[in-house]
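**Student:** Make a model of the complete structure from these sequences and hints.
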Amino acid sequence: MQLSERFDQALAYASALHRTQMRKGSQIPYLTHLLGVCSLALGYGADEEMAMAALLHDSLEDGPEFAGIPRVQIEQAIREQFGERVLGMVLACTDTSGESVEKEDWISRKTGYLAHMEAATDPGYLLVTACDKLHNLRSIWQDRKDVGEAIWERFTGKKEGSLWYYRELGRVMGIHTRAGRIPVVLVTEYEGLLERMR
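The numbering used here puts the first residue of the sequence shown at 429, with every later residue one more than the last.
In case anyone wonders, no lab produced these hints; they're calculated from the structure.
Keep in mind that this is a model prediction, so the values were computed, not measured.
Each hint can be trusted.
Quick list of in silico lysine-lysine cross-link-like pairs, BS3-like style, CA-CA up to 27 Å:
no.: 1; residue 1: K587; residue 2: K538
no.: 2; residue 1: K586; residue 2: K573
no.: 3; residue 1: K538; residue 2: K452
no.: 4; residue 1: K538; residue 2: K586
no.: 5; residue 1: K573; residue 2: K587
no.: 6; residue 1: K587; residue 2: K452
no.: 7; residue 1: K452; residue 2: K586
no.: 8; residue 1: K452; residue 2: K573
Beta-carbon label-pair distances, calculated as ranges:
no.: 9; residue 1: R447; residue 2: G620; range: 28 to 38 Å
no.: 10; residue 1: P457; residue 2: R434; range: 22 to 32 Å
no.: 11; residue 1: Q430; residue 2: S454; range: 26 to 36 Å
no.: 12; residue 1: V575; residue 2: R507; range: 35 to 45 Å
no.: 13; residue 1: S432; residue 2: K587; range: 38 to 48 Å
Each residue gets a CB set at the ideal place from its N, CA and C atoms; glycine is no exception.
**Tutor:** Following this line, the structure appears as structure tokens:
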């Protein structure tokens, strides 16, 4: 598959939204995560719009803070520039309700996202979110080699809560793998990494 100029535009927009953002607890540009998720998605068979959604999957959560652009404007820009399907996948990847709603506590947001993911049937969204979670787990694994157990202090759920969440994500991914919505090999890598972190 050859990527078009629309993909280039999505990459440029993602870069603009996340330019000042760094990965948690590091000075690594956040864009590396977006590129990593996109690379995984393409490697697992994503079409161009799925790849664009992979680049933009955190734009509604993080764009308002790091780019200073209201969420409603980011939604509108994604809809106008990249279409309803891309926006739908980005919205599905977002675990916050919107600017007008107070952010729920961590456990409520995570249990809500798990229920949302379990009920989903869109293979595009499911591939993007699975690649996002796999890339996050890879990053934790790599950083843990450097900083040890202190890695868990970067996360609201600390070690116990974070591992609970990643185990539950693996359970939900397994459901979708059995239904043919997420590639088996992706979930196999995910589960292998998670097992090594215990």
